[in-house]
Amino acid sequence: MQNVSQLQPLTDTGYLIASIVRVLLVFVALLGIVAYLTLLERKVSAWMQDRIGPNRVGRGGFGQPIADGIKNILKEETNPAEANAVFFTLAPMLSIIPAMVTFAVIPFASPLRLGNTVIPMVVADLPVGILFLLAFSSLGVYGIVIAGWASYNKYALLGGLRAGAQMISYEIALGLALMSIFFVVGNVTLPEVVYRQQEMNLWFAAQFSVSFLFFWIASFAETNRLPFDLPEAESELVTGYHTEYSSMKFSMFFISEYAHVLTVSALMATLFLGGWDIPGWGRDDMLGFDAQGQWVGQRPEWWLTLLTLGMFGAKTFFFIMVFMIVRWTVPRFRYDQVMDLGWKIMLPAALTAVVVTAATVLALDSFGVRPEKLYGPTILGRQFVPLYGLVLAAVNAVMLAAVVWIMDKGHVLAGTGAMEAKRAHAQELARRRTAQRPVRVPVGGAAQP
1 MQNVSQLQPL
11 TDTGYLIASI
21 VRVLLVFVAL
31 LGIVAYLTLL
41 ERKVSAWMQD
51 RIGPNRVGRG
61 GFGQPIADGI
71 KNILKEETNP
81 AEANAVFFTL
91 APMLSIIPAM
101 VTFAVIPFAS
111 PLRLGNTVIP
121 MVVADLPVGI
131 LFLLAFSSLG
141 VYGIVIAGWA
151 SYNKYALLGG
161 LRAGAQMISY
171 EIALGLALMS
181 IFFVVGNVTL
191 PEVVYRQQEM
201 NLWFAAQFSV
211 SFLFFWIASF
221 AETNRLPFDL
231 PEAESELVTG
241 YHTEYSSMKF
251 SMFFISEYAH
261 VLTVSALMAT
271 LFLGGWDIPG
281 WGRDDMLGFD
291 AQGQWVGQRP
301 EWWLTLLTLG
311 MFGAKTFFFI
321 MVFMIVRWTV
331 PRFRYDQVMD
341 LGWKIMLPAA
351 LTAVVVTAAT
361 VLALDSFGVR
371 PEKLYGPTIL
381 GRQFVPLYGL
391 VLAAVNAVML
401 AAVVWIMDKG
411 HVLAGTGAME
421 AKRAHAQELA
431 RRRTAQRPVR
441 VPVGGAAQP
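Residues 1 to 449 in the working numbering are what the sequence shown spells out, letter by letter.
It cannot be assumed that every hint is accurate.
Claimed, not checked - Distance condition first, Cα-Cα at most 30 Å in a straight line; then the derived DSBU-like pairs of lysine-lysine: (1) Lys-373 with Lys-422; (2) Lys-422 with Lys-344; (3) Lys-43 with Lys-154; (4) Lys-373 with Lys-344; (5) Lys-344 with Lys-154.
Said to hold, decoys possible - Per label pair, the in silico range of CB-to-CB distance: (6) Lys-75 with Leu-306: 51 to 61 Å; (7) Gly-60 with Val-330: 21 to 31 Å; (8) Ile-52 with Val-28: 24 to 34 Å; (9) Trp-405 with Gln-427: 17 to 27 Å.
Hints are computed from structural coordinates only; laboratory data are not their basis.
All C-beta atoms, glycine included, are put in the ideal place defined by N, C-alpha and C.
All chains should be built: construct the whole structure from the sequences, respecting the hints.
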């Protein structure tokens, strides 16, 4: 058997070649996936509206994204006479770059073993991975705000201002939702987040259900998707911040939106669903070594990497489908409702969840319960009960029930009978107000209410 100590690090030339190959493969694949997400969105909307959808270009409309790209490239660009030409052109670039670059720190498969080397399947394994992702992804709003200001259009300006206010309102809750993960992982690198979920034998979506819910809601607001598409709001602002844009500049905003949806979906899969983790497979299984550093198994080196890549893609696709289905089922919030949800409910609830989770982690540590230690009967030489994670899951389940009740305000959870009683009470109040209105008697005419 081969030992870990026998593995040699990549040479400088080998590391450079591996890095270039990873960058090209990941970002070319990313652009291709983003292009076909537009087709998927149109197919999903057609399915939900009992239509066929695009089916003219290629078999089943498979060539539609290519045709759309060629069409937008060949279209004439129009620039408003009063617009700031420099910032008007720069805004789409500022919007698309953060959405593409942030994917670089997300691990998309288990490490690949080639010969005597192990290559991590992440473009940039930064020691500040999550912090980099949060900081860089929030820069996309600058492109939207600049687009609204530089267009010299009141509707575009209102859309840009809405985007800035919405980002500020939900970025805080999104950051607080990650604090609970930091408490348990003790690290901000995304590969370590995946490994800790493997060690605990329980995904963070169950352990930190409140953080999962808040991160999910904030992700809709960060990507400006329904029901949080106030910066675009066709019924109010024409098309919002990109009202004056045409041709490929217009398309770049949509590319950045779908790239952001893809990145956020991949991030949620990594943070809360174990990333490329396959249930029942531990960290040693993924790396190909046991606890003593001996190589285990005679499977092909690329087999686990390919298998975990498929698992990561399936989890990411699940969140993408949720984004698309919600767009065609949930109506848009009013602007005051968006602000109320962000500042009056999510922010205080997220702060409370952080405090309660920190107290729970401190209590578990004081009792000697470790996150990486499993309990219960030994089956096949292993124990499987994640006591640490189950306690956190129970505490978060109680908090989640309280949060959902507060957010719902008793409208749905109270049941049909309670809603009928509220409706009857409102109708009675309206009838009384109508009956108490003064009666006006015009001169020479009949009395009118």
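message: Hint by hint, where does the structure go against what was stated? Just the numbers, ascending.
response: Hints 1, 3, 4 and 6 are the ones this structure does not satisfy, whereas the remaining hints hold.
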